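Asker: For reference, the chains in residue letters:
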Amino acid sequence: MQARNLAGGFAHSFGYTTGKTERRRYWQGLIAVLIAIGIYIFANSNETRMGVFWVIGLAFGAILQRSRLCFASAFRDVFLLGQGRNLKGIIIGLAVATVGFAALMARQVPNTALGTFPPDAHVLPLGLHTLFGALLFGFGMVIAGGCASGSVYRMGEGYIASWVTFFFLILGLLAASFTWNWWYEFSISDSPRIWLPHLFGHGGALIVTLAALALAYVGVLWWEHRNGAIAPDQPFKSEPETSFAAVLNNIRRRIFVHGWPILIGGALLGGLNVITFVSERPLGFTGELSRWGITVSTALGGGPGTLLGVNLIPGCVLDPGDGGVLHYMLFLVIGIIYGSFLAALFAGEFKIRVPKQNIRFVQAAAGGLIMGYGSGTATGCTIGAFFSSIPSLGLNGWVWAVCLLGGAWAGTQVIKRIP
Amino acid sequence: MAKQLDVRGEICPYPMMKTVQALKKMAKEENELVVITDHAPALDTIPTQAVRLGFTVEIKETGSPEWQITLKRK
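If you read the protein sequences in the order shown, they are chains A and B.
Every position in the first sequence, counted from 1, becomes a number in the working numbering once 605 is added.
Every position in the second sequence, counted from 1, becomes a number in the working numbering once 380 is added.
Worth flagging that the hints you see were computed from the coordinates, not collected in a lab.
Wrong hints could be hidden among the right ones.
Derived CB-CB ranges, DEER-like [said to hold, decoys possible]:
#1 797(A) <-> 440(B): 51 to 59 Å
#2 712(A) <-> 440(B): 47 to 55 Å
#3 634(A) <-> 416(B): 19 to 27 Å
#4 820(A) <-> 440(B): 36 to 44 Å
#5 407(B) <-> 866(A): 34 to 42 Å
#6 1021(A) <-> 416(B): 16 to 24 Å
#7 440(B) <-> 1015(A): 51 to 59 Å
#8 816(A) <-> 407(B): 47 to 55 Å
#9 637(A) <-> 433(B): 35 to 43 Å
#10 440(B) <-> 902(A): 44 to 52 Å
#11 407(B) <-> 708(A): 24 to 32 Å
#12 884(A) <-> 440(B): 22 to 30 Å
Here are a few chain B residues that face chain A, going by a calculated C-beta distance under 8 Å [said to hold, decoys possible]:
#13 390
#14 423
#15 427
#16 431
The structure displayed is predicted, hence computed values, not measured ones.
We put the beta carbon where it would ideally sit given N, CA and C, even for glycine.
Start from the sequences and build out the full structure, keeping to the hints where you can.
Answerer: In structure tokens:
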């Protein structure tokens, strides 16, 4: 109850308007934080990497929740609302990650003339499967109302429909694993991995990528302007700082209660991606989700069998696993959900939300299934095959983004017709 | 009594889509719409859409985690 006393006896703002008494339940937060620390100790005692990825997951989820950063809305709202708030945040995040990734990859592959690749960078085979999978993914994420990472962070906020999407996302990935060998022979096996430093050198690839991102940012600004006025994010309303406690309280509310500016959220996510790459590999988690589905179906006697060539492809490609349960990526996925839950709890934004219309559950399930199949075929989701691929200086990330935009457009046409 | 629109429980992006639809359908003599939502991202999207349709926006917390958005014709 220390924090409540610190806040002082006066009625203070909840974040959007003054005069409401805040009803924080600090003991809930305390227990939730203790559980997070407990899981860290357990993960860390298993393997250092597991502890690291648990913390990265928590940060990932908290950043998404605090800045309301959603990849589905980023691509959809361009069409639906003529508004690019999330897309601008993502572009800033890509720029931050690009600088960090480029520096790291230049150390891993000093001589680009040799034609080798940095081993963990998300430079993925680029072919028909990329176009098909990304289009499908863009379509599915709009139908479901959230992409893979968006659904995962909303699970932590208490959106029941997102839990449905998550379950069907895993099923979609499992379905993709049954058709993987066909796709591998049809397209993936002979698709080139195009790494920009092979074409332009390290410096050139960095400049080309940053210039393209700047151009995309200006394009979003132009598109927004063309569509009319943009209301700024809700301004933070601070309390009069008449005491030191009030000063501290304003800082607390700015971080834990009021939504973060999108550009800060995007930049932090880009920075987190660099930290993740430095500690192991870039962000991405659909490979891990595929491991869950494949492991369970194989244990039940109905697995997809051998998946051709998955060991040759980095990033979020389907992962058959080794039949075990614990994996450091498991801690990343659970960490995102829990990090978002913690952030929502502190903000007072956690709530079990159940859609009133049954059609929403159908949308959540169908969207999840379509996204799962798409990310299984295109070797990743908006995080692994886009947010980690453009900074990896792979051409595949850009193609992914364009196809995602096309799929999101088609999805928007459909949801406009579902009341 | 202002018209109310309750979009609690809705998934993204229906809170903003339903708000825009309701604003467009409002009769000339109606001047105010109150939207109740529990979807925080709507706080960033509804204001822009409302301003473009000629409404002013006021966001009020109604006891966490729900918000009351009052849209008034300019």
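Asker: Is the shortest C-beta separation between residue 427(B) and chain A less than 8 Å?
Answerer: holds, 4 Å
Asker: Would you say the C-beta atoms of residue 820(A) and residue 440(B) sit inside 36 to 44 Å of each other?
Answerer: holds, 40 Å
Asker: Confirm or reject the claim that residue 816(A) and residue 407(B) have a C-beta distance inside 47 to 55 Å.
Answerer: holds, 50 Å
Asker: Would the hint on residue 423(B) stand, with a C-beta cut-off of 8 Å toward chain A?
Answerer: holds, 6 Å
Asker: Given the hint of 22 to 30 Å, check if residue 884(A) and residue 440(B) actually sit that far apart at their C-beta atoms.
Answerer: Roughly 43 Å apart at Cβ, these two residues miss the hinted range, so it is violated.
Asker: Interface hint check: residue 390(B), Cβ to nearest Cβ on chain A, cutoff 8 Å. Holds or violated?
Answerer: With Cβ-Cβ at 6 Å, under 8 Å, it holds.
Asker: So the hint says 24 to 32 Å: do the beta-carbon atoms of residue 407(B) and residue 708(A) match that?
Answerer: violated, 60 Å
Asker: Please test the hint of 19 to 27 Å on the beta carbon pair from residue 634(A) and residue 416(B).
Answerer: holds, 26 Å
Asker: Lying within 51 to 59 Å: is that true of the beta-carbon distance residue 440(B) to residue 1015(A)?
Answerer: violated, 37 Å
Asker: Are residue 797(A) and residue 440(B) spaced within 51 to 59 Å by their CB atoms?
Answerer: Holds, at about 55 Å.
Asker: Check the following: the C-beta atoms of residue 1021(A) and residue 416(B) are separated by a distance inside 16 to 24 Å.
Answerer: holds, 23 Å
Asker: Range first: 44 to 52 Å. Now tell me if the beta carbons of residue 440(B) and residue 902(A) are that far apart.
Answerer: Holds, at about 49 Å.
Checked against the numbered hints above, the structure violates hints 7, 11 and 12; every other hint is satisfied.
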